[in-house]
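Participant: Below, each chain spelled out in residue letters.
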Amino acid sequence: MPEVRTADKLKKKYLREEMWPTIFCNGCGNGVVLDYAFWAIEELDLDMDKTVFVSGIGCSSRLPGYINADGLHTTHGRSIAFATGIKAANPDLNIIIFTGDGDCTGIGGNHFIHAARRNIDVTVILINNFTYGMTGGQLAPTAPLGSIATTAPYGNIEHPFDICELAKALGANYVARWSVTYPYQPIKSVKEAIQKKGFSMIEFLSPCPTAYGRRNKLGDIKKHWKWYDDNTILIEEYNKIMEYGTDEEKEKIKNKIQLGVFQDIEKPGFFEQYEKLVERLQTKKDKGMKK
Amino acid sequence: MKYKRDPELIRDVLGKKIQFILGDMACVYGGLLAGCSFFGGYPITPASEVTEGMARMLPRVKGTYMQMEDEIGSIASVIGASWGGAKSMTATSGPGFSLMMENYGFAVMTETPCVIVNVQRTGPSTGQPTLGAQGDMMQAKWGTHGDFEAIALAPSNVQECMDFTIDAFNLAEKYRNPVCVMADGEIGHLRERVVVPDEKDIKIVDRVPATIDKKKFIPFTNSQTRNSKVPDFPTFGTGYHTYVTGLTHNERGFPATDKQPDHEKLVKRITSKITDDIDKITNVEKLYLDDAKTVFVTYGASARPAESAMEMARAKGKKVGMLRLKLVWPFPYKEIQKLASNVDEIIVPEMNLGQIVHPVREYVEGQCKVVSAPKIGGEMHLPHELYKYLEGK
Chain A
21 MPEVRTADKL KKKYLREEMW PTIFCNGCGN GVVLDYAFWA IEELDLDMDK TVFVSGIGCS
81 SRLPGYINAD GLHTTHGRSI AFATGIKAAN PDLNIIIFTG DGDCTGIGGN HFIHAARRNI
141 DVTVILINNF TYGMTGGQLA PTAPLGSIAT TAPYGNIEHP FDICELAKAL GANYVARWSV
201 TYPYQPIKSV KEAIQKKGFS MIEFLSPCPT AYGRRNKLGD IKKHWKWYDD NTILIEEYNK
261 IMEYGTDEEK EKIKNKIQLG VFQDIEKPGF FEQYEKLVER LQTKKDKGMK K
Chain B
46 MKYKRDPELI RDVLGKKIQF ILGDMACVYG GLLAGCSFFG GYPITPASEV TEGMARMLPR
106 VKGTYMQMED EIGSIASVIG ASWGGAKSMT ATSGPGFSLM MENYGFAVMT ETPCVIVNVQ
166 RTGPSTGQPT LGAQGDMMQA KWGTHGDFEA IALAPSNVQE CMDFTIDAFN LAEKYRNPVC
226 VMADGEIGHL RERVVVPDEK DIKIVDRVPA TIDKKKFIPF TNSQTRNSKV PDFPTFGTGY
286 HTYVTGLTHN ERGFPATDKQ PDHEKLVKRI TSKITDDIDK ITNVEKLYLD DAKTVFVTYG
346 ASARPAESAM EMARAKGKKV GMLRLKLVWP FPYKEIQKLA SNVDEIIVPE MNLGQIVHPV
406 REYVEGQCKV VSAPKIGGEM HLPHELYKYL EGK
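These protein sequence lines map, in sequence, to chains A and B.
This note's numbering numbers the first residue of the first sequence as 21 and each following residue consecutively.
This note's numbering numbers the first residue of the second sequence as 46 and each following residue consecutively.
Same shape as in the complex, but just chain A (with noise of 0.2 Å):
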């Protein structure tokens, strides 16, 4: 028989219990996403002593909070600067970011851009609710064309941000997208992701009821989950009817949300490629290098 999953029986290894309850709303996502990370570090046998949970501002950023670990709470957009320098101070540590769409690509979008283009050594999980939820629903670079944010009342008239495809071009080593509907492939991403030398990003499309839904004839959460399989579709079934389907069958695909891996390369971290600089500056020293 297949080992039940449940939040208890993690709970007493992973939790911090002195910081229940937590903040979030009822049908939020967040912490779906913190039960995939805790079965997968369970999985991988993690050590929690040396591994570092960073985060910026938002409900997402609350996470780290959560977990009976060291956790850096930062400021809004930041933490994976932050996080740059935690893994540069000492590189045997495993540093977990956790942040949201409008911390990470709105307000952070210059430091996601440049640890991917180094390949900094870290795993972010980005839990994208197309909205500024702990603020009250503001309009994010995420949010879907027509949607309606407290700052876009009228309809959101912005193109929305393809996080994955920025993260792909930038040669992030690990990029993946999923939505907490997902039960079980998200584990096995989130292992793959730490587990990952170099940049690894995966985004997870969750629900805000609250500050999203409500606003968006999605308050209902079982309408919520829906709306995440009607416009979602696997890149492998994507990348097949793209291939073989007919016109009518590409025409309703072409505008969903693609889900799975995107991207699995081994490219050298930026800390791998620092250690033989110091170790070729050691060599040259008594060749009498010019100061």
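A few of these clues could be false.
Computed list of lysine-lysine pairs in DSBU-like fashion (alpha-carbon distance at most 30 Å, straight line) [as the list claims (entries may be wrong)]:
1. K310/B x K363/B
2. K287/A x K47/B
3. K211/A x K47/B
No wet-lab data here; the hints were simulated from the structure.
No experiment lies behind these values; they were computed from the predicted model shown.
Please arrange chain B on chain A, whose structure you already have, making use of the hints.
Facilitator: Relative to chain A, chain B alone:
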């Protein structure tokens, strides 16, 4: 890189004991001597030479140099590195210093030791990038939002760029606070003779690491092992499972954002841990104060022409002295109070429209005359310009 300070390797990389170097470079030397093992920076005139120097030298002493994507990223990486166990530092100038302000406050709130070298240039905004100024002195004290205590040193020569950078690290480690070295474009881009101190002549202070039982450890309260308001430092990766947040937090580090006493208790501790030690921290130079009736109170580059003007006046028998603030923040108010009761006039030359003259006035409390001697536009005061303030005295 996991780093261990290697005095022999550092001196090997720095080279000769006596050198003729740039002020910016002296900040690099000071950083390396202090044990800096992480530098995150971004190019900006007139501080780029600090970043370039670190790029050349830090990998050679087995530290980590990173050019970040902007100054916000620089200070963020520096704070992260500090929690990872490194002594860490960045260098910038006005516009970059402005960008760093939010995370400067984060370092204060999370009690993170780190060093920021600010080679000041004129402002506001882009100003005169290549020209020196002292226009950020108040920003160092008030630039981030909320109540906090700043620690800031102001070198007047190249040797002090090195010495004060070492001091900055020591103060940062001791008080677990960010420390600013408020140099200026004049000193940063000046070449002078420096003496690299021998290992036995430098004092290195390290933060006190958390050592007590992990279950009993309380991360954000008075030290549990010493008589100090500065808590012991639970470096990430040592098993203390510390939650560090910029939110107002309780002693355990958990968010406590809705109760007045929690905030008051925290902020009073992290400010008074510094102000309680004002007598130990204060660092001033006193010239001819025994008989002086008119005194220059100044700092940084401005102290140089002020000293010349003072000597000119002394040669003519005028009773002029100087109080040079090597450490500007926390403000050495006791020195000013003492001075005010003994002199007729205090003149405050600064390369801004009058910043440090304000706390001087505040603590003089009308006991003597206080005159601001400002000069802006990227030129230092000339000695005779300052001498004019002394005429007839």
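Participant: Now look at each hint and say whether the structure bears it out.
Facilitator: Comparing the hints with the structure gives:
About 50 Å separates the Cα atoms of K310/B and K363/B, which puts this hinted pair outside 30 Å; it is violated. The straight-line distance between the Cα atoms of K287/A and K47/B is roughly 22 Å, inside the 30 Å bound, and the hint therefore holds. With a C-alpha separation of about 26 Å, the suggested pairing of K211/A with K47/B holds against the 30 Å cut-off.
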